[in-house]
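Since the structure of chain A is provided, determine the placement of chain B on it from the hints.
Here are the chains, one letter per residue:
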Amino acid sequence: MQMPLDAKDDLPDETLVARYAQGDRSAARILTLRLTPRILAYATRHLGGDRAEAEDVTQESMLRLWKAARDWPQGNVAVMPWLYRVAGNLCIDRLRARQRRRATALDDAPDLADPVPGVEARMMGDDRLAALDHALSQIPGRQRQAVVLRHIEGLTNPEIADVMDIGVEAVESLTARGKRALAAALAGQRGALGFDDDEA
Amino acid sequence: MTNENDLDGLLQHARQTAHTPAPALIERVLSDAYALQSPGQPVLRQAAPSPSLLSRLVRGLGGALGLAGLTTAALAGVGIGFYDPPALAAWTQTLTPSSAIDTVELIPDLDVFMDES
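Residue numbers (the numbering used here), protein chains in the order written: chain A, 43 to 242; chain B, 1066 to 1182.
These aren't lab readings, by the way, just hints derived from the structure by calculation.
There may be inaccurate statements among the hints.
[Unchecked claim] Listed next, with one range per pair, are the computed distances between beta-carbon atoms:
(1) Gly196(A) / Leu1132(B): 53 to 63 angstroms
(2) Asp207(A) / Gly1127(B): 44 to 54 angstroms
(3) Gly1131(B) / Arg138(A): 56 to 66 angstroms
(4) Leu53(A) / Asn1070(B): 35 to 45 angstroms
Just so we're clear, the structure is a prediction, and the values are computed from it rather than from any experiment.
Built from N, CA and C at the ideal position, the CB exists for glycine as well.
Okay, chain A solo, but in the shape it has when bound (with noise of 0.2 angstroms):
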């Protein structure tokens, strides 16, 4: 029985991996809609801010999806959080590969992350994104993983527990380093980034 697109666009995410399975098209159109960009986000500041990257990332993760959707154990994994961990993977193993550039070729300078603020930040007028994404990208991998997963995209910290791989608890520690990490990033910029007109 075929059902309207936005009766679909309420179905939970596993429903939808379990009929694009099953052949319907339009649940593949749901979740790519629906995933795309929350990984595309995640990506793009685990990254710190290469955009290419991160969509080169979320192309292959959901690539993953649909090849992992057959065999998806309902009831028992979200979509989500699997999305984000399999994501996280592919950004340590490109952040990895930086640095082995980084360390064998200097030349190659150029090509490796750009270290300041991204030009779409700052096209789009927000300094404050782009100075977020640059601080982001100076703090330990693991921190910003979970500063990110956390104060951004929103998850508990039982879902971060499960995308990393860890304890509760230490997600908590990650956390907390990672947001002191940040301000301590940030420091000095509160007034290039307006903030102390923000006081005023």
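This is chain B only, laid out in the frame that chain A set:
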């Protein structure tokens, strides 16, 4: 930045800012999805093949256990037939008496009735 409220506000702002994917990315993702999917067909989950004649026969005999029992019984019968153990000889002879019955009178003739009278 030392003010925690500023940081929380910045993170909240980031949370509310959507990362709109480029249409080309959506197309790439959808293209992958459709390539791994056939419309109306659960292509990713293969239908189980129908059972063979042999497997249906085995299942009809009670599965592997039934087949093993049947095979054991058959082999025991063949063994007994070949070796004819002495312990069974006395019993089998009662089934095959040495005095053979040569004739069986299914319709008694008239002489029998005449003698009795």
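Consistency of the hints with the structure:
Against the hinted window of 53 to 63 angstroms, the Cβ-Cβ separation of Gly196(A) and Leu1132(B) comes to about 60 angstroms, which satisfies the hint. At roughly 47 angstroms, the beta-carbon separation of Asp207(A) and Gly1127(B) lies within the given 44 to 54 angstroms, and the hint holds. For the pair Gly1131(B) and Arg138(A), the beta carbons lie near 59 angstroms from each other, so the given range of 56 to 66 angstroms is met. The given range of 35 to 45 angstroms is respected by Leu53(A) and Asn1070(B), whose C-beta atoms sit roughly 38 angstroms from each other.
Violated hints: none; the structure is consistent with every hint.
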